[in-house]
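So the chains spell out like this:
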Amino acid sequence: MNGGAWVMEKYIIKFLAVNSRGVIARLSALIARKGFNIESFCAGHHIKDGESSIVITFSGSEGDVQQAVAQMSKLINIISAEYYHEKDVVQRELLLVKLKNVSGVKEKAQALGGRLMKEYSGFVDFEFVDKPNSIEKNVAELKKNFTVIDISRSGNNAI
Amino acid sequence: MNGAQQFLKSLRKNKVEHAFGIPGGVLIPFYDELYKDNSGLKHILVRHEQAGAHMAEGYAKVSGKVGTCIGTSGPGATNLVTGIADAFMDSVPIVAIGGQVATSLIGKDAFQEADMMGITNPITKHNFQIRNPNKIESVVDAAYFIASTNRPGPVYIDLPKDTQQKDVTGSEKVNLSGYKVLEGFDKEAVKEAAKLLLSAQRPVILVGGGAVHANCSQELKQLAEICMIMVASTSQGKGVFDERHPLSIGMTGMHGKPPAVFAIQKSDVLFTIGMRFDDRVTGQLNSFAPEAKVIHIEIDPSEIHKNRTANIPILGDAKDVLTELVIVIKKMQWKNTAWLDKLKLLKKEYQDDNLDINTEPIDPRKLMFELQKVIDDDTIVATGVGEHQMDVAHFIKFAKPRKFITSGGLGTMGFGFPAAIGAKVAMPKNDVINVDGDGSFMMTMQELATVKVNDIKVTNIIMNNGYLGMVRSWHDLFYEGRRSQVHLGKIPDFEKLANAFSLEGITVERPSEIGDAFKRALASDGTSIVNVHVKEDAIVLPIVPAGASNSKMIGDMIPKDYFE
Numbered sequence: 001m002n003g004g005a006w007v008m009e010k011y012i013i014k015f016l017a018v019n020s021r022g023v024i025a026r027l028s029a030l031i032a033r034k035g036f037n038i039e040s041f042c043a044g045h046h047i048k049d050g051e052s053s054i055v056i057t058f059s060g061s062e063g064d065v066q067q068a069v070a071q072m073s074k075l076i077n078i079i080s081a082e083y084y085h086e087k088d089v090v091q092r093e094l095l096l097v098k099l100k101n102v103s104g105v106k107e108k109a110q111a112l113g114g115r116l117m118k119e120y121s122g123f124v125d126f127e128f129v130d131k132p133n134s135i136e137k138n139v140a141e142l143k144k145n146f147t148v149i150d151i152s153r154s155g156n157n158a159i
Numbered sequence: 001m002n003g004a005q006q007f008l009k010s011l012r013k014n015k016v017e018h019a020f021g022i023p024g025g026v027l028i029p030f031y032d033e034l035y036k037d038n039s040g041l042k043h044i045l046v047r048h049e050q051a052g053a054h055m056a057e058g059y060a061k062v063s064g065k066v067g068t069c070i071g072t073s074g075p076g077a078t079n080l081v082t083g084i085a086d087a088f089m090d091s092v093p094i095v096a097i098g099g100q101v102a103t104s105l106i107g108k109d110a111f112q113e114a115d116m117m118g119i120t121n122p123i124t125k126h127n128f129q130i131r132n133p134n135k136i137e138s139v140v141d142a143a144y145f146i147a148s149t150n151r152p153g154p155v156y157i158d159l160p161k162d163t164q165q166k167d168v169t170g171s172e173k174v175n176l177s178g179y180k181v182l183e184g185f186d187k188e189a190v191k192e193a194a195k196l197l198l199s200a201q202r203p204v205i206l207v208g209g210g211a212v213h214a215n216c217s218q219e220l221k222q223l224a225e226i227c228m229i230m231v232a233s234t235s236q237g238k239g240v241f242d243e244r245h246p247l248s249i250g251m252t253g254m255h256g257k258p259p260a261v262f263a264i265q266k267s268d269v270l271f272t273i274g275m276r277f278d279d280r281v282t283g284q285l286n287s288f289a290p291e292a293k294v295i296h297i298e299i300d301p302s303e304i305h306k307n308r309t310a311n312i313p314i315l316g317d318a319k320d321v322l323t324e325l326v327i328v329i330k331k332m333q334w335k336n337t338a339w340l341d342k343l344k345l346l347k348k349e350y351q352d353d354n355l356d357i358n359t360e361p362i363d364p365r366k367l368m369f370e371l372q373k374v375i376d377d378d379t380i381v382a383t384g385v386g387e388h389q390m391d392v393a394h395f396i397k398f399a400k401p402r403k404f405i406t407s408g409g410l411g412t413m414g415f416g417f418p419a420a421i422g423a424k425v426a427m428p429k430n431d432v433i434n435v436d437g438d439g440s441f442m443m444t445m446q447e448l449a450t451v452k453v454n455d456i457k458v459t460n461i462i463m464n465n466g467y468l469g470m471v472r473s474w475h476d477l478f479y480e481g482r483r484s485q486v487h488l489g490k491i492p493d494f495e496k497l498a499n500a501f502s503l504e505g506i507t508v509e510r511p512s513e514i515g516d517a518f519k520r521a522l523a524s525d526g527t528s529i530v531n532v533h534v535k536e537d538a539i540v541l542p543i544v545p546a547g548a549s550n551s552k553m554i555g556d557m558i559p560k561d562y563f564e
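These protein sequences, in sequence, are chains S and B.
Here the first sequence is numbered in the numbering used here, starting from 1 and rising by one per residue.
Here the second sequence is numbered in the numbering used here, starting from 1 and rising by one per residue.
Among the clues, some could well be false.
[As the list claims (entries may be wrong)] Here are the computed lysine-lysine pairs in the PhoX-like style, where the Cα-Cα straight-line distance is at most 25 angstroms: (1) B:Lys335 - S:Lys74; (2) S:Lys48 - B:Lys319; (3) B:Lys180 - S:Lys48; (4) S:Lys34 - B:Lys173; (5) S:Lys14 - B:Lys319; (6) B:Lys319 - S:Lys74; (7) S:Lys74 - B:Lys166; (8) S:Lys106 - S:Lys87.
Simulated from the structure, these hints should not be mistaken for lab results.
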């Protein structure tokens with residue numbers, strides 16, 4: 001962008017896409033070749049059959065996000081694209097975490113808001129659903145106190 | 001009806017009259033139907049798919065219709081890629097059709113398989129792979145619709161062999177709910193633009209290739225004449241505004257006319273139509289037209305603010321927007337004579353019209369002098385890429401749009417000859433000249449066979465200096481003359497080359513021979529090559545060095561304080 005203050009902010013871009021072969025590939029290829037700064041990508045079926053919803057967490061200036069939305073909207077399979085400042089939407093991320101089952105681990109995970117999903121042969125699996133920032137903090141907290149075997153994150157979802 | 005028949009029928013439904021292609025294994029079902037077909041679709045057998053794609057581009061650029069090219073799976077389709085990329089950069093409406101291995105073999109690294117959906121993804125407006133024969137009609141309709149509407153561009157269709165062989169049992173639609181043709185525009189923004197334009201002290205209009213697509217020459221002329229504002233163009237916008245008109249200030253950019261470059265640099269309001277602030281136009285972006293408020297008429301939302309923030313963006317079809325703007329502006333009163341007088345004076349002072357240079361070996365400018373004499377308003381001039389291209393862009397004046405056919409964005413050497421062939425096929429009544437360099441011409445010269453066999457007349461003028469001249473001149477200007485890997489030697493003898501294809505070849509070595517040679521070639525029955533030996537060390541001037549500000553233009557004829 002030419003001129004204007006350059007402020008890094010986080011934006012949520014919400015797409016509605018035709019659920020066709022290659023739509024995710026088209027979007028991610030565009031993101032890669034234009035060098036857009038993407039933090040997460042979250043997709044699933046939408047209300048109507050044959051349509052998907054895709055939520056992208058984008059960081060950059062407002063000019064950057066406008067340009068990204070304009071470029072992505074040009075993809076023929078993208079039905080609509082809108083962006084919001086992260087403050088203006090509800091955001092949630094799903095974290096699944098596998099921990100070594102030691103004394104105090106379940107209590108701590110539950111205190112952090114985790115839900116016990118499975119307990120077996122020395123391991124426990126927990127589910128956390130929270131804001132992306134809180135998910136970050138929870139992961140850090142668990143890593144600090146316990147042995148984290150594996151984590152799976154959904155990427156930030158928003159509405 | 002099988003898929004191949006349906007495909008052919010769908011092409012005809014979309015008014016495809018000509019296709020440039022080469023058959024191959026997986027396309028035999030389609031070509032078999034073409035053999036039996038009597039619907040009037042004329043297929044021109046080319047000698048290389050890249051050339052076929054450029055022919056489709058030339059066809060589209062001069063006619064405004066969608067060009068069509070065909071290649072088989074694997075190498076046939078990958079050969080199309082350069083032409084597709086070129087069309088993508090210059091927003092040329094073409095549909096490129098590639099054969100594909102049978103759907104059961106896709107992804108198995110089958111013989112002549114290439115992932116063309118992946119390969120063409122970043123260089124097409126859209127691409128389709130047709131796995132279901134019932135979708136053929138809908139996909140072909142969509143391809144031609146997408147290629148030609150909004151900002152035009154290439155669409156690729158991947159056509160597996162079994163899709164052509166299977167029976168069509170019904171009709172299924174592709175979902176195009178994500179694609180809408182842009183309609184209307186913001187009338188308030190047009191009023192704002194009118195106000196800004198009329199409040200300007202130093203306004204300039206700058207038109208690009210988008211203005212060609214919008215067919216807005218008439219409206220542009222009205223606007224310029226009512227407001228008495230000078231009109232500059234990019235290379236793709238040449239001819240949209242008659243370059244002989246007193247209000248034409250010429251092409252701008254790296255090799256632009258200094259008065260045009262100056263006017264834009266000093267402007268306080270820059271009124272742009274269908275141009276994308278490409279680096280070859282703006283030079284160093286943050287010092288481009290530093291004082292100008294920008295009005296940007298554009299059909300593609302992603303071009304607005306992409307490189308240069310627009311003070312007044314107007315999203316819409318340039319013809320519609322200008323029509324409205326002319327109505328609004330007619331009600332206002334304005335004449336800015338001081339700025340106009342200054343630009344007129346600069347135009348007069350910057351003398352580059354004296355091109356009748358008779359030194360030997362031949363100066364490229366002399367070639368331009370003679371060329372201008374033999375072209376009329378309807379002559380189509382295509383070029384390759386290099387010094388000859390910039391000479392034509394800089395010196396030759398075009399009176400109408402769609403007459404200067406050149407590879408702008410991608411800068412594809414070898415573009416000129418096949419593009420000229422496509423142009424001639426689309427506009428058989430117009431004279432078509434391809435001005436080329438020896439290096440550039442050699443990249444697609446196998447098409448001499450195509451023009452001979454199909455009796456297509458293109459007059460080739462080769463500016464032969466035995467070098468990859470543009471790169472060599474950068475070596476000379478910016479790399480202390482270290483001419484690394486640019487010497488071609490005067491191989492082949494282009495006159496004999498023409499003769500080998502049973503075509504006319506003319507060799508020119510003296511300035512005095514040029515005029516007659518051009519006349520002879522243009523009067524010839526078919527394609528000819530005029531091989532003009534020019535000065536080896538000519539440098540295209542003026543030039544803005546890559547990455548420099550447009551105010552730092554260099555060249556013999558520009559006074560040192562020109563931009564101060």
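Quick rundown of the hints versus the structure:
1. For a cut-off of 25 angstroms, the pair hint linking Lys335 of chain B to Lys74 of chain S is broken: about 40 angstroms separates their Cα positions.
2. Under the criterion of a C-alpha separation no larger than 25 angstroms, the hint pairing Lys48 of chain S with Lys319 of chain B is inconsistent with the structure, at around 38 angstroms.
3. Between Lys180 of chain B and Lys48 of chain S the alpha-carbon distance is near 19 angstroms, which keeps this suggested pair within the 25 angstroms criterion.
4. Taking the CA atoms of Lys34 of chain S and Lys173 of chain B, the gap is about 31 angstroms. The hint is violated against a cut of 25 angstroms.
5. For the suggested pair Lys14 of chain S and Lys319 of chain B, the alpha carbons sit about 33 angstroms apart, so the restraint of at most 25 angstroms is broken.
6. Between Lys319 of chain B and Lys74 of chain S, the direct Cα distance comes to roughly 22 angstroms. Compliance with the 25 angstroms bound is thereby established for this hinted pair.
7. At most 25 angstroms may separate the alpha-carbon atoms for a hinted pair to count; Lys74 of chain S and Lys166 of chain B exceed this at roughly 33 angstroms.
8. Of the pairs offered as hints, the one joining Lys106 of chain S and Lys87 of chain S is violated, with about 32 angstroms between alpha carbons and a cut-off of 25 angstroms exceeded.
Going through the hint list in order, the structure does not satisfy hints 1, 2, 4, 5, 7, 8.
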